[in-house]
Amino acid sequence: MLRFLQNYPHFLEVVFDFFEKLIQPFGRWLNPGSVLEPAVIWIEEVGKGAVFDCRMCGQCILHSTGMTCSMTCPKNLRNGPCGGVRTNGNCEVYPEKPCIWVQAFERSINMPEYGFELMAIQPPVNRRLQGTASWINMLQGIDDDLPDGWVSTEEIPIVTPEVEVEVRKTWTVNAWTVNSKREAG
Amino acid sequence: MDSKRMDGKLKAGGRLERVLRSGRFAVTAELNPPDSADPEDVYRAALVLSTVCDGINAVDASGAHCHMSSVAICALLIRAGYEPIYQVSCRDRNRIAIQGDLLGAAAMGVRNLLCITGDDVSVGDQPEAKRVFDFDSIQLLRTARMMRDEGVFLSGRKLTTKPRFLLGAAANPFAPPFDWRPLRLAKKIAAGADFIQTQYCFDVPRLREYMKQVGDLGLLDEVYMLVGVGPLRSDRAAEYMRTKIPGVVIPDEVVERLRKTPKNQQREEGKRICVEIIQQVREIKGVDGVHVMAYRQEELVAEIIEGAGLFPRPRKTGASDPASRARPRSRNSPEE
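Each protein sequence line maps, in turn, to chains Z and H. Here this note's numbering is used: the first residue of the first sequence is 11, the next is one more, and so on. Here this note's numbering is used: the first residue of the second sequence is 7, the next is one more, and so on.
None of these hints come from the bench; they were simulated from the model. Keep in mind that the hints are not guaranteed to be accurate.
Stated by the list, open to error - What the simulated footprint calls covered on chain Z by chain H, stretch by stretch (three residues with Cβ under 8 Å from a Cβ of chain H suffice, anywhere in the stretch; the number is not a length):
1. 127-133
2. 156-163
Unchecked claim - Estimated spans, in silico, between C-beta atoms of each pair:
3. Z/30 - H/167: 42 to 52 Å
4. Z/60 - H/86: 27 to 37 Å
5. Z/55 - H/53: 52 to 62 Å
6. Z/106 - H/221: 44 to 54 Å
7. H/86 - Z/107: 39 to 49 Å
8. Z/162 - H/103: 36 to 46 Å
9. Z/140 - H/41: 34 to 44 Å
10. H/167 - Z/28: 46 to 56 Å
11. H/129 - Z/162: 29 to 39 Å
12. Z/138 - H/285: 46 to 56 Å
13. Z/138 - H/69: 26 to 36 Å
14. H/221 - Z/38: 22 to 32 Å
15. Z/30 - H/285: 48 to 58 Å
16. Z/138 - H/19: 17 to 27 Å
To be verified - Looking from chain H toward chain Z, a few residues come up when the C-beta cut is under 7 Å (computed):
17. 75
18. 78
19. 178
20. 190
21. 196
Being a predicted model, the structure only gives us computed values, none of them experimental. Using N, Cα and C, we set each Cβ at its ideal position, and we do this for glycine too.
Please build the complete structure, drawing on both the sequences and the hints.
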């Protein structure tokens, strides 16, 4: 298994960047329904499956979620952790597994390029894309096709990266470690 | 920036919104939903809460246990003249059902929503059920916002009359990852939250730290914060809550304090702890009220509210000196 690669989020975001540029010229041949589609789906299923436990939602946001697949959350949350995270950082549903959002947050901190995209508001999942190739959907802009009523919030600077970085420096008490010590003791 | 506070118009016109805007310390409480088809059970539970609360939460199968539905409880509460807060969770219904229910609730006169993810089915009494989670809480909040402000369904189809809602969201400052929690609050505010009700607070220092971080991000004036509190019935109840109910964190000191109390006085002691927490929470900058969750002990809510000196409602902390009374929390005041 290649899951250990997830612990190198910066490496993965560099790979993502490179890969995104690499496949751009192939847009002509990569279409839904093209002869190459089954191959792309297979590569995604095997490759991203091995590294990220990919669930083939067809609208990949890995680089916005700390290189952690948000669909592996039992509640399919795309916008951050629920309130049920255990004090040891494990999942409400599977007590023996770490919460994927705790991991996503820690990994995003080590992603200088895309880490802040964790603050983006992710639109509802398009369930029709389940099982399709997210690379094709990305190239063809299919995953950008949001419901007409959805008002995107990208332009609302509720917290800018600058404020966030500045503020985090002043948060001296790392309650995360304080609490896990309490748990252990 | 998009916030409740810029324009003077009321968003929903409900009692809760008026109390929050007036600068009074608000109190909401949770109604324990009956396992019954008798409306009297709802009225009886609401009666003890109604005299001391500005809003009553109708929970949506909390803990994934089946009870009377929240929309039906809201309908009954409105019929009796109370102010319900309609809790909508993403666990049981998909986006089509939820948007329909929102319109229906608004038509009946519901003016407050609380958009939550919902406890997982695995903690409930029917763990074999299918989990839906078509939306997450932020997408739900955003959709409700679009219905209210743009007057459209998610699909873009127009509504002939917009629903009027004060939009609420939940927050849990007591669950990890702690440094992400204030940022998640920022996301919820961006998605449209007007008020927040937090998970049970038993760890006041942690809440203080959280509120400081929220302040650092400049969010205190963007949202009304209601802190969740509640009485513990006994040390055993406390132990059960912190091990079995997702997201409830109770520090050892609190459980220990109850354990040292004789069994027949534990209920009284639990109430005292709750009152003390409310008094401490009131002192924290940016806290606009409390949300009392007294599971199966609603009769205690009135005593707690009076014991904490919240009846009649005092002004919020920081609004007591004349200078700030003239301009309470600048952007919150309806006159501007």
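message: If you test the structure against every hint from before, which numbers come out violated?
response: 4, 6, 8, 14, 16, 17 and 18
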